[in-house]
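Protein chains: 2
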Amino acid sequence: MYVGVDVGGTKIAAGLVSFEGSLLKQKSILTKAERPFEIVVKDIIALIKEITSELADDELKGIGVGIPGIADKQTGRVFECVNLGWRLVPLRQVLEEEFKLPVYVENDASVAGLAEYTVGSLRGTTNSILITLGTGVGGGFIIDGKLYSGTNGLASEIGHMVVGDNFYKCNCGKTGCLETFTSALALINYTKKLLAEEEMASPLRDYIGEREEALNAKLIFDLAKQGDSLALMAVNRLVKYLAIGISNLVYTLDPEIISLGGGVSKAGDYLLNLLKAKVEEIKIFKDVPSARLVLAELGNEAGIVGAAMLCRFS
Amino acid sequence: MYVGVDVGGTKIAAGLVSFEGSLLKQKSILTKAERPFEIVVKDIIALIKEITSELADDELKGIGVGIPGIADKQTGRVFECVNLGWRLVPLRQVLEEEFKLPVYVENDASVAGLAEYTVGSLRGTTNSILITLGTGVGGGFIIDGKLYSGTNGLASEIGHMVVGDNFYKCNCGKTGCLETFTSALALINYTKKLLAEEEMASPLRDYIGEREEALNAKLIFDLAKQGDSLALMAVNRLVKYLAIGISNLVYTLDPEIISLGGGVSKAGDYLLNLLKAKVEEIKIFKDVPSARLVLAELGNEAGIVGAAMLCRFS
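The listed protein sequences derive, respectively, from chains A and B.
Oh and the first sequence: position 63 is 65 in this note's numbering, straight run, nothing missing.
Oh and the second sequence: position 164 is 166 in this note's numbering, straight run, nothing missing.
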């Protein structure tokens, strides 16, 4: 049995996971990220103890943790988690000392990629990619049948791959990051811009009125499906840049499958079909087969299951 | 002993290479790419026979070929070489039937990356990248100590990674490919645009006058070094987008080393230092170490040596 912990900016979820990747039990708590690491990690320890309280002594074989940031593979030290205010914190060390078990720490999108590889849409592949399209954008890479996080844990941070020029800067200081075109937040930001600049009639505009805070990715996709011109402009722009991002991944890693996860991917086959058409349109070598696009199969449990699977695949 | 063959649009070079990667003997012929594959491949066979004529019967252990295009790893069939007019040609099969030896076919930039990995600037790395900055832009990826060409041979085609919006389209039909910002041709194209649009005095303008065909990357770099404002604008733009391309590679593959080869890299430390400063400027996670930038160590022989090394590493 393994424990997987999914540390997010809002909540921390932990679960008991079988060696094969089945989630048997889970529990979550609020992160309260304004507190220092030393306090938050005590909550994590208590959560793990609670979730494992009914196990026999030697049943638990390892603990994996997914974090919204970069971890040092050698030391398990967390370099940086902006949302949590963590910088250079010894996460693995604290947990190993507490539990006397192997502990693995990895970026949350990488962990979700590992979950899709183990029990989801990337099963059976040798080289494959999960793109997580949520508030931000992340990636999980499987290369040669293993999770790939690069030399310093920076690999697959594809939200910060520059794919064009954009009208606003990314949090990272650069302009044109994939995340600023294709995250849920990017879709909302661009829709706001259209609402301010375009004159066209639109049910979306009527619905929102002055309440711009009511905008969300689901609403924009739903109205685009119904033919709302303004919502469609916003969705088409997301699709254009996501297709460029996917094309960039094809001409770097050339995976068998690219899978779409995260909140934006809930637009489902509607998004997938628009995207397939756009990727085909900008394809270069027409004779050469390239990555199959699919939807991720796991939901929120990917974070816990993937974290646990770090114990199996590390 | 291996034979390495470097097939280019202008000439074809073949060489005898030791198991360790030393080039012992070489010879080249003109490609005359207007001729059909069936004729060109006869010249390649004759060239290999000439270069191996003094070997004992069982001394030659394999033949590797670098091509300016995409090869099918399973069959060794060449999908496409635009410059050669080759499409779906059975290169490996023809050579294997002729020589009764293992034959390997790979993209030329990948092959150059393998040469740098074996005897050049990428020696001793686990994950590393060669970027070739010539008339076009290509890449060679080493991942987990092996040459990586992806599922269908499309990996490391980084010349077609989109990194921004550009004022002209790439041959591939897309806008904003790395190649259209950072190849020797891109540098020349942008300098021509500046000469047409900018009023500033410039020794480059005086030197070139109406003879735009006299423009070349070396001249532009040389004048930039001497402080020519117009040449400097062109070089700075190349540096800006090459830094973005490098940053994109860091946030996808996170290699230990990124090495710069090809004609443009002959600008040497001048280019390297400008580039290091720009990459540092746009770095996101300041605490996390990232790829070291270096200059490639091999020259034109990289094509032959790397092709031969396919026999050792495949």
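Heads up, a few of these hints could be off.
The list treats identical chains as one, so a pair stands whether inside a single copy or across any two.
What the hints assert, rightly or not - Only pairs whose alpha carbons sit at most 25 angstroms apart, straight line, appear in this in silico BS3-like list of lysine-lysine:
no., residue 1, residue 2
1, K75, K220
2, K285, K75
3, K51, K171
4, K171, K44
5, K288, K176
6, K288, K148
7, K288, K75
8, K176, K242
Everything labelled a hint here was simulated from the structure, so no lab data went into it.
Hint by hint, here is what the structure shows:
1. When the C-alpha separation of K75 and K220 is checked against a cutoff of 25 angstroms, the pair qualifies neither within a copy, at 36 angstroms, nor between copies, at 42 angstroms.
2. For the identical chains of this complex, K285 and K75 are inter-copy neighbours only, at 20 angstroms across copies versus 36 angstroms inside a copy, given an alpha-carbon limit of 25 angstroms.
3. In this homomeric assembly, K51 and K171 never come within 25 angstroms of each other (Cα to Cα): the closest approach is 42 angstroms inside a single copy and 58 angstroms across copies.
4. Neither within a single protomer nor between protomers do K171 and K44 lie at most 25 angstroms apart by alpha-carbon distance, with minima of 36 angstroms and 55 angstroms respectively.
5. In this assembly of identical chains, K288 and K176 lie within 25 angstroms of each other by CA distance solely across copies; the values are 14 angstroms between and 33 angstroms within a copy.
6. In this assembly of identical chains, the alpha carbons of K288 and K148 never lie at most 25 angstroms apart, being 29 angstroms within a copy and 27 angstroms across copies at closest.
7. When the C-alpha separation of K288 and K75 is checked against a cutoff of 25 angstroms, the pair qualifies only between copies, where the shortest distance is 17 angstroms, while the shortest distance within a copy is 39 angstroms.
8. Taking the shortest Cα distances, K176 and K242 sit within 25 angstroms of each other both inside one copy (20 angstroms) and across copies (12 angstroms).
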